[in-house]
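*Asks:* Spelled out from the first residue to the last, the chains are:
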Amino acid sequence: MAKYKMHVLVCGGTGCKASQSAQIVENLKAVLTENGLQDEVQVITTGCFGFCEKGPIVKMMPDNTFYTQVKPEDARTIVEEHIIKGRKVTNLLYTDPENNEHVSDSKHMGFYKKQIRIALRNCGFIDPENIDESISRGGYEALGKCLSEMKPEDVIQEIKLSGLRGRGGGGFPTGLKWEIASKNHADQKYVVCNADEGDPGAFMDRSIMEGDPHSIIEAMAICGYAIGATKGLVYIRAEYPLAIDRLQIAIKQAREYGLLGQDIMGSGFDFDIELRYGAGAFVCGEETALIHSMEGKRGEPTFKPPFPAVSGYLGKPTNVNNVETFANIPVIITKGADWFNKIGTEKSKGTKVFALAGQINNVGLIEVPMGITLREVIYEIGGGIKDGKEFKAVQTGGPSGGCLTKKHLDTPIDYDNLIAAGSMMGSGGMVVMDETSCMVSIAKFYLEFTCEESCGKCTPCRIGNKRLCEMLTKISKGNGTMEDLYELRNLAAVIKDTALCGLGQTSPNPVLSTLDNFWDEYVEHVVDKKCRAGVCKSLMSYEIDQTKCVGCTACARNCPVGAIKGEKKMPHTIDPAVCIKCGACIERCKFGAISIK
Amino acid sequence: MVKLTIDNKPVEVAEGTTILKAARQAGINIPTLCYFELDGMKFENKPGGCRVCVVEVEGRKNLAPACATDVMEGMVVHTHSARVINARKTVVELILSDHPNDCLQCSKSGDCELQTLAQKLGIREIPFKGEQSTYKKDSTLSVERDMDKCIMCRRCETMCNKIQSVGALSAVNRGFEAVVSPAFDQPLGESSCINCGQCVQVCPVGALSLVDNVADVMKAIADPTKTVVVQTAPAVRVALGEEFGMEPGSIVTGKMAAALRRLGFNYVFDTDWSADLTIMEEGTELLGRIGKVLAGDKTAKLPIFTSCCPGWVSFYEKNFPDMLEYPSTAKSPQQMFGAVAKNYFAEKIGVKREDMVVVSIMPCLAKKSEAAREEFKVNGNPDVDFSLTTRELAHMIKQCNLNLNDMPSEDFDSPLGESTGAAVIFGATGGVMEAAVRTAYEVFTKKKLDNIDFEVLRGFDGVKTATVDFAGTPINVAVAYGLNNARIIMEEVRDGNPRGFHAVEVMACPGGCIGGAGQPYHHGDSSIIRKRMEATYREDAGKPIRKSHENPSIIAIYKEYFGEPCGHKSHELLHTHYFDRSKKIEKE
Amino acid sequence: MTKVKSLADLKAMREKFQSNLDVREKSNNQEEMVQIKVAMATCGIASGAKQIMEYMMEKADAMKIRVVFTQTGCMGYCHAEPTIEVKVPGRDPLVFGHVDNKKADEIFEKYILNNEMVDGIIPVNYEVIDK
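Chains as they are written, first to last, in the numbering used here: chain W, 1 to 597; chain F, 1 to 588; chain P, 1 to 131.
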């Protein structure tokens with residue numbers, strides 16, 4: 001039986017595979033066998049490291065040496081130098097771009113600093129249904145610290161100093177929000193956790209609630225203490241049954257331990273939490289609509305001011321924060337605002353959780369410091385574009401966001417930069433698109449979503465988005481004109497300028513940002529009647545390759561509309577004006593002469 | 001005070017003022033559509049939904065709705081910058097792109113706020129083509145709904161829920177499909193709707209309109225076998241003139257009588273006459289109940305609630321079925337008139353009941369539904385055949401090439417045409433109570449009332465209370481308009497009547513019948529309703545007789561026909577009973 | 001159940017829970033139990049995490065290996081669900097992705113019993129905040 005002393009991990013992710021990592025494995029095995037080491041050193045293919053830009057990656061265990069851009073012919077050097085002689089192969093080591101030094105121990109590589117887990121600190125580590133595990137990792141200590149060592153205004157000050165901004169999309173400074181709520185005096189105040197996560201493809205809030213429900217409970221209690229509220233409500237969509245279960249279990253356990261309820265930790269502070277279920281209306285993520293929904297009213301926004309901090313749930317001062325925002329709170333309290341505000345950019349502190357999706361190799365949930373670039377996220381964490389295709393755009397901020405393109409790849413991601421680039425942070429959806437995505441169709445997809453989810457209260461959102469959507473449909477059908485493009489831009493701008501709530505004001509972003517960044521593609525749709533991505537069916541045309549066609553007439557005989565003409569034994573042609581794009585000709589052609597353009 | 005600049009004009013207004021109101025104070029009229037306020041009547045609809053009133057506030061990212069944005073110190077506002085006008089026009093174009101645009105046939109044409117706005121903004125074409133909303137048409141006996149025309153201003157919803165607490169209408173569905181509808185898309189007639197019609201009065205477009213009966217009446221007039229009798233409610237004469245360009249508050253009683261005669265009505269009578277009759281019955285009933293309660297009769301309930309307003313009657317039948325013994329059993333003046341006309345008067349002039357057609361001219365939509373109630377029919381023949389509104393009468397007059405301005409002043413016919421000042425004030429909130437007190441006081445105390453002007457019962461407060469000294473016996477009265485105000489009093493009474501009310505007057509509409517849903521559209525200008533109220537009291541003051549029990553024609557009919565108030569004959573013709581309508585009555 | 005009455009109480013509890021965990025997790029004693037955490041967020045469950053956990057429990061019983069199974073939340077590797085983390089006493093924890101029955105067998109037979117690596121390890125690529 002083999003007893004391995006050493007392991008060589010070779011990245012088997014899509015990117016590295018494309019750069020011959022399989023050959024590296026074979027060569028390594030061959031050289032090891034040559035040296036009689038096959039029973040002492042094991043070569044293993046791993047999943048993607050995410051660092052595809054520097055692939056293929058080879059990692060040596062147990063000493064954690066990290067080799068980058070390894071070629072198959074390097075296998076011999078690695079075995080002979082590193083394994084046999086114990087000398088690191090310097091020219092394969094990762095070079096730190098900041099100081100040009102070689103880094104041998106992967107633990108010191110900046111690559112691992114690309115992701116810092118603050119909000120997700122316990123997700124995947126603890127059993128979310130066991131409060132003891134939460135406590136063993138410091139759960140509720142921040143609450144204890146607030147109750148025993150800090151005055152409410154100290155707590156607010158700490159949150160303000162931390163620079164934490166709302167993670168639900170708007171990016172309003174959390175500490176300031178708390179301060180406003182604390183200054184409004186009332187017999188009853190409320191803390192509301194907005195768990196009505198609704199962006200397509202975003203699921204960080206669900207993951208936090210499912211993986212670390214106690215952090216939310218703890219943070220809500222801290223907020224309650226800070227603003228003077230004794231009641232907390234979690235507005236959670238009913239489509240999240242597991243999150244609901246785990247929150248309920250967590251609340252029950254917290255009550256049993258006296259971490260919720262009366263006189264928490266002997267401080268005299270009372271706080272308890274109830275759940276309220278949403279029926280999955282996207283607009284109920286907007287805080288005023290959310291409050292109306294909790295009150296049993298129609299879930300639609302009202303004009304602010306008054307802000308919920310003045311008049312919220314049942315007319316009482318109410319502080320609404322998103323799940324991810326709350327998940328940051330206990331860490332800020334225990335580790336201090338100064339620790340937190342060192343992470344991130346000048347105006348956006350801390351980390352942000354993103355749900356990476358789309359045409360990217362490592363679809364997943366990542367937590368990165370603010371200020372990271374899209375390039376780092378896509379190529380160094382996400383493992384690059386699938387199937388070696390070319391990156392085209394990334395959509396951030398869900399239906400309220402926009403599409404960023406190649407020119408934004410090196411823009412540091414924070415609230416303000418994303419807005420300046422015509423998108424927004426949103427709740428953290430990040431959909432990566434390659435050349436097979438049609439930007440008109442993408443804009444249409446998001447507009448269809450907004451149309452479906454608009455509450456219908458204000459004209460621009462109710463009718464305007466509908467009209468935008470109809471114009472995009474017209475364009476994708478090949479019936480658009482240049483005037484439509486100008487009208488599209490004007491209408492989108494007016495909607496942005498006049499809609500009542502955040503949902504409506506941001507709903508044209510997918511249109512405006514694609515118009516800005518992919519104007520040529522729109523023009524192609526309306527002038528050339530072409531869809532370069534081949535997505536818009538109506539814009540495709542069937543063509544017969546004159547060199548391949550032998551004139552067998554099979555296509556012409558089977559064309560239901562008689563669009564194909566040609567002499568027998570002579571190449572045929574398709575009249576695009578008559579063609580209905582049914583595809584019957586392609587099926588009949590034995591010579592592969594017909595293609596869709 | 002807050003200082004700001006609107007269109008380069010320095011403006012100083014009180015804190016908490018909206019940009020819209022601040023601009024109006026400065027003489028700048030920012031156009032609105034969904035916004036609606038009845039000043040002093042606690043009706044305000046500002047969902048900020050239509051986005052027509054958007055203005056540019058320097059330093060703000062987006063345009064701000066003037067109706068919902070409070071002024072701030074140093075604010076700089078532009079109400080007609082290119083950006084604002086483009087946005088405003090685009091918004092109206094969007095609304096029009098989902099609107100039938102059948103102005104020529106629309107009942108609201110000429111009175112439509114959307115039409116006016118489109119005209120003002122100079123919209124000549126609609127750049128947006130697309131799907132149009134289509135909904136099935138729906139109608140009660142009073143209200144017609146054509147939701148294809150709905151622009152989601154939500155005024156009807158605010159009226160129905162906040163002011164009337166009826167809860168029949170609310171927004172349903174989302175996005176482009178969002179529309180105002182009764183719950184579960186049930187027909188309005190099967191909902192909690194009480195046909196007060198205030199939704200129609202506030203609707204800016206033709207989405208909500210009245211059920212038009214002009215053609216039915218014209219047909220009856222044209223039928224030589226029919227004797228057509230018309231009665232006109234007190235509130236009509238102070239509002240009808242508006243439809244003919246007269247100043248609000250013009251009193252057109254005589255001109256109206258003349259016009260009705262020229263339209264071909266055989267007898268032109270006055271609901272004021274039956275209002276006096278109502279006071280005799282209701283006043284007597286009140287005194288009777290007080291007497292019974294004082295004698296320890298547990299079956300007699302106080303306070304007595306007035307029952308003139310059919311919207312209110314439907315409201316308590318639907319919402320307070322456990323309290324049906326509280327309201328007066330006296331029929332409304334419209335129905336008393338109908339009953340008297342089709343019995344006493346038909347007999348007197350020798351016309352068979354089925355050959356007589358009684359038409360009423362009312363400020364009200366609920367009267368249409370009231371006239372159709374089964375309990376007001378004899379063998380299927382209703383006491384009142386058709387109830388027209390003030391607006392319908394105006395249309396009828398115009399249709400017949402008449403101009404009210406040109407009419408001479410004529411008197412009503414006799415005998416159902418004579419009335420007192422007490423009847424006139426039925427049209428305004430508090431009027432029925434004041435009229436009742438004028439009579440009940442003298443009947444109860446057997447003394448002459450010197451000052452008959454009960455100022456405390458007048459005016460636009462939603463709820464007014466007073467204690468009237470009936471020569472040593474304090475009588476506590478309350479007056480309410482707006483059914484949510486009535487609901488509060490009903491609930492108070494249900495909880496033991498802590499304020500010891502003896503009598504409560506309720507009218508559904510703002511300011512009473514003068515603000516009725518059948519009146520000329522006031523478009524939120526409450527000064528119009530105020531002027532109608534002033535006219536009402538002016539008309540009362542000018543009347544030679546101002547107490548119902550002194551009306552010679554009323555005295556005569558008791559002598560000749562009824563015997564005494566609340567007697568056997570009056571119970572037969574002038575009183576009714578109420579039904580539990582809280583649940584939909586299953587159809588067989 | 002004991003109530004937490006003060007911050008000191010809470011800290012004492014933490015110490016206790018942590019040392020209990022440490023005995024298991026940080027011990028180099030080969031006799032200690034293997035820890036397997038299964039990512040059981042909605043996405044994990046949807047990809048078959050429950051089924052795989054049951055399978056592995058049966059497998060552990062059959063092989064007479066003492067294993068503590070715990071469910072945990074999302075590890076973030078959506079591209080590789082179901083994912084599990086295996087902690088064998090004396091070794092660093094390892095995360096495996098795309099775990100199916102076949103992979104589970106390999107993990108038990110090769111990795112846990114023989115310290116033989118198995119294809120499909122997911123390299124950890126993030127920093128954790130120290131407590």
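Worth flagging that the hints you see were computed from the coordinates, not collected in a lab.
Hints should not be assumed to be uniformly reliable.
[To be verified] Calculated pairs, DSS-like style, for lysine-lysine (alpha carbon to alpha carbon, straight line, at most 30 Å):
#1 F:Lys292 / F:Lys318
#2 W:Lys160 / F:Lys61
#3 W:Lys347 / W:Lys389
#4 F:Lys129 / W:Lys474
#5 W:Lys17 / W:Lys5
#6 W:Lys29 / P:Lys16
#7 W:Lys88 / P:Lys16
#8 F:Lys292 / W:Lys297
#9 F:Lys137 / F:Lys569
#10 W:Lys474 / W:Lys529
#11 F:Lys583 / W:Lys297
#12 W:Lys297 / F:Lys318
#13 P:Lys5 / W:Lys88
#14 F:Lys3 / W:Lys297
#15 P:Lys110 / W:Lys71
#16 W:Lys252 / P:Lys64
#17 P:Lys16 / P:Lys87
#18 F:Lys120 / F:Lys21
#19 F:Lys162 / W:Lys347
#20 P:Lys3 / W:Lys29
#21 W:Lys347 / W:Lys160
#22 W:Lys88 / W:Lys231
#23 F:Lys583 / W:Lys304
#24 W:Lys316 / F:Lys42
#25 F:Lys21 / W:Lys530
#26 P:Lys11 / W:Lys145
#27 W:Lys160 / W:Lys231
#28 W:Lys88 / W:Lys71
#29 P:Lys3 / W:Lys252
#30 F:Lys61 / W:Lys183
#31 F:Lys3 / W:Lys183
#32 F:Lys42 / F:Lys292
#33 P:Lys102 / P:Lys64
#34 W:Lys145 / P:Lys5
#35 F:Lys21 / F:Lys9
#36 W:Lys5 / P:Lys5
#37 W:Lys151 / P:Lys5
#38 W:Lys529 / F:Lys129
#39 P:Lys64 / W:Lys335
#40 F:Lys136 / W:Lys474
*Asks:* Against this structure, judge whether each hint is valid.
*Replies:* Status of the hints after comparison with the structure:
About 28 Å separates the Cα atoms of Lys292 of chain F and Lys318 of chain F, which keeps this hinted pair within 30 Å; it holds. The straight-line distance between the Cα atoms of Lys160 of chain W and Lys61 of chain F is roughly 24 Å, inside the 30 Å bound, and the hint therefore holds. In summary, the hint linking Lys347 of chain W to Lys389 of chain W is not supported, as the alpha carbons are separated by about 35 Å, beyond the 30 Å threshold. The straight-line distance between the Cα atoms of Lys129 of chain F and Lys474 of chain W is roughly 11 Å, inside the 30 Å bound, and the hint therefore holds.
Proposed proximity of Lys17 of chain W and Lys5 of chain W is supported: the alpha carbons are some 26 Å apart, at most 30 Å. Restraint check for Lys29 of chain W and Lys16 of chain P: the C-alpha separation of about 47 Å exceeds 30 Å, so the hint is violated. Annotation: proposed proximity of Lys88 of chain W to Lys16 of chain P is violated, straight-line Cα distance about 43 Å (limit 30 Å). At most 30 Å may separate the alpha-carbon atoms for a hinted pair to count; Lys292 of chain F and Lys297 of chain W exceed this at roughly 46 Å.
In summary, the hint linking Lys137 of chain F to Lys569 of chain F is not supported, as the alpha carbons are separated by about 44 Å, beyond the 30 Å threshold. The hinted pair formed by Lys474 of chain W and Lys529 of chain W meets the criterion: a straight-line CA distance of about 11 Å does not exceed 30 Å. As the CA atoms of Lys583 of chain F and Lys297 of chain W are separated by approximately 23 Å, the hinted pair is consistent with the 30 Å bound. Restraint check for Lys297 of chain W and Lys318 of chain F: the C-alpha separation of about 23 Å stays at or below 30 Å, so the hint holds.
Distance check on the hinted pair: Lys5 of chain P and Lys88 of chain W sit about 55 Å apart at the alpha-carbon level, beyond 30 Å; violated. Restraint check for Lys3 of chain F and Lys297 of chain W: not satisfied, since their Cα atoms lie roughly 37 Å apart, outside the 30 Å limit. Among the hinted pairs, Lys110 of chain P with Lys71 of chain W is consistent with the structure: their alpha-carbon atoms are about 28 Å apart, no more than 30 Å. Between Lys252 of chain W and Lys64 of chain P the CA atoms are separated by roughly 36 Å; this puts the pair beyond 30 Å, and the hint is violated.
Annotation: proposed proximity of Lys16 of chain P to Lys87 of chain P holds, straight-line Cα distance about 21 Å (limit 30 Å). Distance hint between Lys120 of chain F and Lys21 of chain F is fulfilled; the C-alpha atoms sit about 20 Å from each other, no more than 30 Å. At roughly 44 Å between alpha-carbon atoms, Lys162 of chain F and Lys347 of chain W are farther apart than 30 Å, so this suggested pair is violated. Simply put, Lys3 of chain P and Lys29 of chain W have alpha-carbon atoms about 58 Å apart, too far for the 30 Å limit, and the pair is violated.
Our distance criterion of 30 Å between C-alpha atoms is met by Lys347 of chain W and Lys160 of chain W, whose separation comes to about 12 Å. Straight-line distance between C-alpha atoms of Lys88 of chain W and Lys231 of chain W comes to about 60 Å, which puts the hinted pair past the 30 Å bound. The straight-line distance between the Cα atoms of Lys583 of chain F and Lys304 of chain W is roughly 39 Å, outside the 30 Å bound, and the hint therefore fails. Annotation: proposed proximity of Lys316 of chain W to Lys42 of chain F holds, straight-line Cα distance about 22 Å (limit 30 Å).
A distance of roughly 52 Å separates the Cα atoms of Lys21 of chain F and Lys530 of chain W; the hinted pair therefore is violated under the 30 Å criterion. The hinted pair formed by Lys11 of chain P and Lys145 of chain W meets the criterion: a straight-line CA distance of about 11 Å does not exceed 30 Å. Pair hint Lys160 of chain W plus Lys231 of chain W holds up; C-alpha atoms about 22 Å apart against a cutoff of 30 Å. Distance restraint check for Lys88 of chain W and Lys71 of chain W: the Cα-Cα separation of roughly 16 Å lies within the 30 Å cut-off, and the hinted pair is therefore satisfied.
Between Lys3 of chain P and Lys252 of chain W the CA atoms are separated by roughly 13 Å; this keeps the pair inside 30 Å, and the hint holds. At roughly 27 Å between alpha-carbon atoms, Lys61 of chain F and Lys183 of chain W fall within 30 Å of each other, so this suggested pair holds. A hinted pair counts as satisfied when its Cα atoms are at most 30 Å apart, and Lys3 of chain F with Lys183 of chain W qualifies at roughly 26 Å. Proposed proximity of Lys42 of chain F and Lys292 of chain F is contradicted: the alpha carbons are some 38 Å apart, above 30 Å.
At most 30 Å may separate the alpha-carbon atoms for a hinted pair to count; Lys102 of chain P and Lys64 of chain P meet this at roughly 18 Å. Note on Lys145 of chain W and Lys5 of chain P: the hinted pairing holds, with a Cα-Cα distance of about 13 Å set against a maximum of 30 Å. Proximity of Lys21 of chain F to Lys9 of chain F is assessed by CA-CA distance (about 14 Å); at most 30 Å being required, the pair is judged to hold. At roughly 50 Å between alpha-carbon atoms, Lys5 of chain W and Lys5 of chain P are farther apart than 30 Å, so this suggested pair is violated.
Distance restraint check for Lys151 of chain W and Lys5 of chain P: the Cα-Cα separation of roughly 19 Å lies within the 30 Å cut-off, and the hinted pair is therefore satisfied. A hinted pair counts as satisfied when its Cα atoms are at most 30 Å apart, and Lys529 of chain W with Lys129 of chain F qualifies at roughly 21 Å. Between the alpha carbons of Lys64 of chain P and Lys335 of chain W the distance comes to roughly 43 Å, so the proposed pair goes past 30 Å and is violated. Distance hint between Lys136 of chain F and Lys474 of chain W is fulfilled; the C-alpha atoms sit about 28 Å from each other, no more than 30 Å.
Checked against the numbered hints above, the structure violates hints 3, 6, 7, 8, 9, 13, 14, 16, 19, 20, 22, 23, 25, 32, 36 and 39; every other hint is satisfied.
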